[in-house]
Amino acid sequence: MSLPVNLVVLVCLVYVAILFGVAFAGDWRARKNPGGWLSSPLVYTLSISIYCTSWTFFGAVGSAARGGLEFATIYLGPTIVFVGWWVFLRKLVTVGRVHNTTSIADLISARFGKDPTLGALITVMALVATAPYIALQLKALTDSFEVITLSAGTVSTANFEIRPNYVSGFWLAAGLCVFSIMFGVRNIDINERHHGVIAAIAVEAVVKLAALLTVGIWVVFGLAEIPSQVFDHAPVSLTNPQDAFGLRWVTLVFLAGAAVICLPRQFQVTVVENSGERHLRTASWLFPLYLFLISLFVIPIAVAGLDLLPVGSNPDLFVLTLPLARDHNTVAMFAFLGGFSSATSMVIVSSIALSTMISNHIVMPLALRFSLVPVASPQTVRSFILGVRRISILFILALGFLYFRLSGSSDALATIGLISFCGVAQFLPSLVSGLYWRRATHGGAIAGLAAGFLIWGYSLFLPSFEGSFILPAHIIEHGPFGIEWLKPQALLGLTGYDPLVHAMFWSMLANISLLVGVSMFSVPTPLARFQATLFVDVFRRRIEDEQRVIRRSARVGDLKRAAERILGNEEAMRLFQSANVRPNTLTASDALISLVEQRLAANIGAASARSLISSVVTSETISVEELRQLAGEAERIRAYSAELERKTRQIERGAQELARANDRLREIDAQKDEFLSQVSHEVRTPMTSIRSFSDILLKNPDLDGTQKARFLRIIQDESLRLTRLLDGILDLNQMENGTDDWVATSFDPEATLDQAVESCEAFAQGSGVKIKRSGNAKKIEVRGNSDKLAQVFINLIANSIKFNDNPNPVVTISSLSRNGAYEVRVADNGPGIPESDRERVFDKFARGSIDRTVGSGLGLAISRQIVTKFEGTMLVTTSKAGGAEFIVRLPVHRRKAA
Amino acid sequence: MAGKRILLVEDEPNIVESLRFILEQAGFEVDVISDGNAALASVIADRPDAVVLDIMLPGMNGFDVLRAVRGDTKLASLPVIVLTAKGQPNDRKMAETIGATAFITKPFSNAEVIECVRSHAGS
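Chains as they are written, first to last, in our numbering: chain A, 1 to 898; chain B, 1 to 123.
It is possible that some hints are incorrect.
Stated by the list, open to error - In silico lysine-lysine, DSS-like type, Cα no more than 25 Å apart, as pairs:
#, chain 1, residue 1, chain 2, residue 2
1, B, Lys-93, A, Lys-672
2, B, Lys-86, A, Lys-672
3, A, Lys-699, B, Lys-4
4, A, Lys-844, B, Lys-86
Keep in mind that the hints were calculated from the coordinates and are not lab data.
Given these sequences and hints, build the entire structure.
If you want it as structure tokens, here you go:
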């Protein structure tokens with residue numbers, strides 16, 4: 001089935017009429033109510049979605065059907081930019097707002113000293129790079145128009161192929177031209193922003209999203225009985241992720257990301273039409289969401305198209321041919337309107353952006369230089385500029401049509417779009433360095449841009465004509481004069497790469513290295529240095545700083561006439577009134593000159609405004625001293641804040657360390673207090689006995705001899721206990737402070753153990769305890785102090801003897817060496833130590849472990865200290881006999897020679 | 001003078017011996033217990049006329065014993081003289097709060113102990 005031509009044309013005209021209505025209503029509302037919904041973040045975001053042109057609308061499906069997941073890169077790049085490059089976008093938009101930027105050419109030329117050459121170069125580049133893109137819209141529109149008006153039989157014919165219809169293409173271009181002129185060029189003050197156009201664009205954004213979603217939903221839920229069937233028929237190659245993340249994939253993501261910033265029309269809606277950071281904040285998540293939605297049904301539509309339509313059908317038109325093949329004319333018509341919306345909104349905004357660039361950066365500088373601007377009346381100047389812009393739009397669409405005609409348009413939509421992307425990506429290095437790199441100079445920017453542009457033209461743009469324009473086919477095939485390494489698509493012998501990757505690599509390499517290289521070796525003009533400061537430090541500098549640096553003088557009359565020429569009488573009068581210029585003032589102040597220049601820049605670009613102002617300024621000095629101070633200030637502030645940050649971090653670290661040390665000291669202090677309290681207790685106990693018994697002895701001289709002797713013995717025992725206690729404290733203190741007379745030697749621990757056992761024999765016999773010695777470790781040495789180790793062993797053995805309440809008390813001492821460790825076990829068959837106390841017994845004055853009348857309460861604490869000093873370990877467990885078993889492990893220093 | 005029974009709760013054998021000696025010399029009947037739990041049982045069962053209570057004890061410590069004693073209304077007026085080697089002001093305050101009749105720091109003077117027991121147990 002198909003639709004009658006007249007009906008389609010009628011629907012398009014009605015749709016266009018509605019758009020005009022929206023645009024006029026938008027302008028009218030914006031004048032009445034400047035803060036209304038027209039300047040809402042939603043409308044701003046929808047206007048950014050002109051990124052999705054008919055290429056996206058029709059071509060994404062085509063790209064998916066041909067190359068699988070590759071189509072996703074076109075959405076991925078902008079998503080990454082809006083989500084991840086938020087800081088850059090914010091700076092870019094702020095610079096644009098502060099400097100009343102009119103276009104990307106204006107912004108870059110203003111940054112590099114308001115240089116007209118740079119503006120003109122960028123304008124030419126943008127024109128050439130946009131031509132394929134406009135051709136792409138023409139092609140998409142004519143193709144879709146052809147398809148929707150053709151008979152159904154033709155659509156389903158296997159070898160059906162649309163031959164480009166240049167006639168309808170021409171009329172379409174003409175229609176778009178009229179459309180764009182009527183829409184875009186009604187006033188010349190960029191500062192006022194195109195509220196009406198933006199409103200119409202927003203409506204078109206909604207229409208194209210709704211149309212594609214409708215087709216998608218129809219395909220998934222209306223075509224197949226079960227949605228999953230759509231995917232059952234998907235060719236494996238379509239969703240094969242293997243091609244993803246390859247070189248071409250990365251290149252495409254990068255190009256798409258660069259394009260969403262650098263395409264003149266994207267710059268127009270994102271930066272020029274921006275009215276506040278709040279809008280950008282919303283767009284940073286809403287625009288990626290829009291991209292997500294519009295790409296949601298691409299794969300299902302592609303799958304359904306490949307599955308249901310005859311082999312050889314043009315996948316770029318699946319969005320239309322699918323509903324047509326199933327006689328869903330309403331869906332088809334809606335889809336056509338979606339594509340129409342995508343194409344028209346792109347062409348309108350592109351031509352507004354490009355015509356502004358042509359008039360501001362090519363025509364105005366020439367007109368000013370050769371005094372071509374009519375001076376008769378201000379009104380004629382305005383109409384001159386408007387005329388220039390109208391003719392520019394004609395010229396732009398003519399270029400697009402020319403490309404459409406010359407390229408043969410046999411290419412897939414996506415390929416043509418990518419040529420444009422690669423072209424405008426050349427702006428990115430200058431743009432980024434302009435905002436972040438103070439040292440980037442005008443010469444560097446020109447060299448980089450020109451080189452990148454030439455390589456792009458030679459290796460990608462011209463070859464796209466396949467020999468029918470400038471570059472003949474044999475050069476593309478074999479290089480100029482047969483020089484292989486100059487082959488456009490294999491420069492310097494770089495073969496085997498995708499032409500796009502190849503062109504991107506060489507053009508960006510040349511662009512960036514020349515930008516950096518030339519910048520390093522060239523000196524910027526004072527004005528360029530000043531502009532660099534204003535741009536790079538946009539959040540710290542105010543544009544009013546200009547008056548500090550640039551001193552100019554001009555007659556008020558001349559200045560006013562210059563303003564009137566561009567702004568018109570009324571507007572110029574308002575400007576001068578707002579500046580509070582008294583009627584009889586003759587000489588204009590720096591502030592007034594700056595104000596007029598900024599106001600003019602909003603209309604004709606910074607470079608042209610500057611030349612115009614310069615023509616009435618009688619003297620101008622740029623204070624190098626002030627400039628240096630300004631730059632120095634920024635540098636100092638930056639250095640100072642970095643230093644401050646560093647210091648703060650240092651202080652924070654110090655504070656943390658102090659806090660930690662303080663905590664540790666507090667802990668140690670608490671331990672000392674605890675220790676002191678324990679020592680006090682341990683001293684008071686024997687003291688109590690001594691005092692009490694000596695008192696008794698003094699008061700009772702007539703006590704009998706045995707009792708007297710017993711009491712004296714107790715006094716003596718308790719005195720000895722005190723002495724031991726003091727010795728123990730001193731020992732421990734020395735061990736802990738490392739001030740003891742520790743002499744480390746290598747010695748045989750077995751000998752030490754034998755000595756210790758021997759010295760305990762008498763005590764054991766006296767207490768009726770049997771000592772068993774078993775096992776032995778031979779031929780090893782440990783390193784440390786032999787006397788101290790003996791002290792440890794004696795302490796353990798003595799404890800086992802003292803606390804053993806078994807009727808047949810036995811202490812078993814065993815030793816062995818294994819795994820590089822010397823191990824001694826002292827086990828008894830006494831009461832043992834409950835699990836819960838096993839760690840505590842090694843504490844000082846641990847209760848329950850020591851009989852205070854014989855020990856100091858410090859023996860095990862000291863022993864553990866000693867073992868730790870041997871880098872060994874000491875622990876207690878239950879012996880086989882149910883008593884306590886102390887285990888000492890020491891690292892073996894070396895094996896004794898046999 | 002005979003008949004006043006003193007319960008001595010103390011785990012240091014030498015101190016027990018000296019206290020027993022001076023208290024008996026002063027005419028008191030002395031029972032000795034070295035463990036907190038047993039001490040509480042003995043107070044409840046035997047109703048001594050006064051208790052001399054050490055704080056650092058195995059099992060239940062002296063403060064807990066005192067708290068339990070004071071928790072029993074029948075024992076609320078029982079004189080309890082707290083003895084401690086931990087001479088810190090905090091311990092004294094703690095002892096007073098939970099109802100110690102008197103507080104004596106080790107090392108003590110024999111006369112002070114006798115005087116104290118006599119005045120609270122009655123002679």
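Evaluated hints:
1. Lys-93(B) to Lys-672(A): Satisfied, since the Cα-Cα distance of roughly 22 Å is no more than 25 Å.
2. Lys-86(B) to Lys-672(A): Given that 25 Å is the threshold and the Cα spacing comes to 15 Å, the pair holds.
3. Lys-699(A) to Lys-4(B): Roughly 23 Å separates the two Cα atoms, so the pair holds.
4. Lys-844(A) to Lys-86(B): holds, 16 Å
The earlier numbered hints are all upheld by this structure, with none contradicted.
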